[in-house]
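> Listed below are the residues making up each chain.
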Amino acid sequence: MSVLGSVSSTHTPLDDDRVDDDDLLVASVTRGDLAAFERLVERHRDVVVRVAARIVGDDEAEDVSQDAFLRAFHRLERFRGDAPFRSWLLRITHNAALDHLARRRPEPVDPTELDSSEPDSAERAPAERLEVRERIERLERKLHGLAPAHRTVLVLRDVEGFSYEEIAAITESPLGSVKGRLHRARREFIDMLRANTYDWELPL
Amino acid sequence: MSDDPSVPPDLDPAERRAADLLSLVAQRTPSVSERFTTELVARARTQKAITVPFAVLGNFLSSLAGALYAAFGTRQRGQR
Numbered sequence: 000m001s002v003l004g005s006v007s008s009t010h011t012p013l014d015d016d017r018v019d020d021d022d023l024l025v026a027s028v029t030r031g032d033l034a035a036f037e038r039l040v041e042r043h044r045d046v047v048v049r050v051a052a053r054i055v056g057d058d059e060a061e062d063v064s065q066d067a068f069l070r071a072f073h074r075l076e077r078f079r080g081d082a083p084f085r086s087w088l089l090r091i092t093h094n095a096a097l098d099h100l101a102r103r104r105p106e107p108v109d110p111t112e113l114d115s116s117e118p119d120s121a122e123r124a125p126a127e128r129l130e131v132r133e134r135i136e137r138l139e140r141k142l143h144g145l146a147p148a149h150r151t152v153l154v155l156r157d158v159e160g161f162s163y164e165e166i167a168a169i170t171e172s173p174l175g176s177v178k179g180r181l182h183r184a185r186r187e188f189i190d191m192l193r194a195n196t197y198d199w200e201l202p203l
Numbered sequence: 000m001s002d003d004p005s006v007p008p009d010l011d012p013a014e015r016r017a018a019d020l021l022s023l024v025a026q027r028t029p030s031v032s033e034r035f036t037t038e039l040v041a042r043a044r045t046q047k048a049i050t051v052p053f054a055v056l057g058n059f060l061s062s063l064a065g066a067l068y069a070a071f072g073t074r075q076r077g078q079r
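Those sequence lines, one after another, are chains Z and Y.
Read in numbering that gives the first Met the number 0, the first sequence has 55 at position 56, and its numbers run on one by one without any break.
Read in numbering that gives the first Met the number 0, the second sequence has 24 at position 25, and its numbers run on one by one without any break.
Don't read these hints as lab results, they were simulated from the structure.
Hints are not guaranteed to be accurate.
[To be verified] Derived list of chain Z stretches under chain Y, where covered just means 3 residues or more per stretch with a C-beta under 8 Å from a C-beta of chain Y: (1) 84-96; (2) 143-149; (3) 155-164; (4) 186-198.
[What the hints assert, rightly or not] Label-pair distances were calculated between CB atoms; the ranges are: (5) Y:G72 - Z:A34: 43 to 49 Å; (6) Z:H143 - Y:S61: 33 to 39 Å; (7) Z:S172 - Y:K47: 30 to 36 Å.
[To be verified] Using 20 Å as the maximum straight-line C-alpha spacing, the simulated DMTMM-like pairs for lysine to aspartate or glutamate come out as follows: (8) Z:K178 - Y:E14; (9) Y:K47 - Z:D32; (10) Z:K178 - Y:E33; (11) Z:K178 - Z:D190; (12) Z:K178 - Y:E38.
Every residue, glycine too, gets a C-beta built ideally from N, C-alpha and C.
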């Protein structure tokens, strides 16, 4: 069994030094420096795996992330630096995740299953922690019931906290489309939450 | 209008609640194999080892085809 580590959950805003460093590392990789590629991977691995996991699910997130990094590796010479490297990489991740979903057979979402999670009896924890974990698991299942385009914008904005501009760059969509899609995604998500018996404390 | 991710603009109460619930999801982070980077770099190295010779061969064949066309193609045109 593989040794697992946890990825960082905090979203770090891009700062200028980091962007400059990314550009330098990209230049080194294009000259054949694989150690620079390794540093780029280490630097962006957490956010790539998180975004992939929230689009395709935990089980396939690593495969999709590796695919995204390899696609980026082979296309690095085409990276012009017009947008930050992270946005460019997440655009590739987003496309790899959508390709993966398109190849996968659609799984019908059973509305009763969405609310049927029972905590693993072997992992009993204090009641409050258990309740939070159960809520998160339910929310993640709801997210996976959304259309991929809606899921993606909700993940990027409300879970990862990216700016509208970066989401537009990642999804290759105009800013206005991103805002409109986000609005429709939130409404779909709210309708889905209201469609079951669990009390999400949603105001009318 | 602020674009600060922590301040969702113009959300109705239900949308604000949905955004709050989704921020809860950020608390759970997926686990990743510690071999992730090592395996990835190894795959990149292998793929590069395969693709670079093919690219060189492709460029060589392309140049050769160009040279042959220049030599024989122009001669045939001259004979007509």
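> Run every hint past the structure and note whether it holds.
Hints versus structure:
1. With 0 residues carrying a beta carbon less than 8 Å from a beta carbon of chain Y, the region 84-96 of chain Z misses the three-residue requirement, and the given coverage is violated.
2. Taking a C-beta to C-beta cut-off of 8 Å, the region 143-149 of chain Z contributes 0 residues in contact with chain Y, too few for the three needed, and the coverage statement is violated.
3. Given a C-beta distance limit of less than 8 Å, the hint that chain Y covers the region 155-164 of chain Z holds, as 9 residues qualify and 3 suffice.
4. Counting residues of the region 186-198 of chain Z whose CB lies closer than 8 Å to any CB of chain Y gives 4, so the stated coverage by that chain holds, three being the minimum.
5. Between G72 of chain Y and A34 of chain Z, the C-beta spacing of about 47 Å keeps the proposed range 43 to 49 Å intact.
6. Distance hint check: the CB atoms of H143 of chain Z and S61 of chain Y are about 46 Å apart, inconsistent with the given range 33 to 39 Å.
7. Our hint of 30 to 36 Å for S172 of chain Z and K47 of chain Y holds, since their Cβ atoms are close to 32 Å apart.
8. Under the criterion of a C-alpha separation no larger than 20 Å, the hint pairing K178 of chain Z with E14 of chain Y is consistent with the structure, at around 13 Å.
9. Of the supplied pair hints, the one linking K47 of chain Y and D32 of chain Z holds, its CA atoms being roughly 11 Å apart against a limit of 20 Å.
10. The straight-line distance between the Cα atoms of K178 of chain Z and E33 of chain Y is roughly 37 Å, outside the 20 Å bound, and the hint therefore fails.
11. The straight-line distance between the Cα atoms of K178 of chain Z and D190 of chain Z is roughly 19 Å, inside the 20 Å bound, and the hint therefore holds.
12. Our distance criterion of 20 Å between C-alpha atoms is broken by K178 of chain Z and E38 of chain Y, whose separation comes to about 38 Å.
Checked against the numbered hints above, the structure violates hints 1, 2, 6, 10, 12; every other hint is satisfied.
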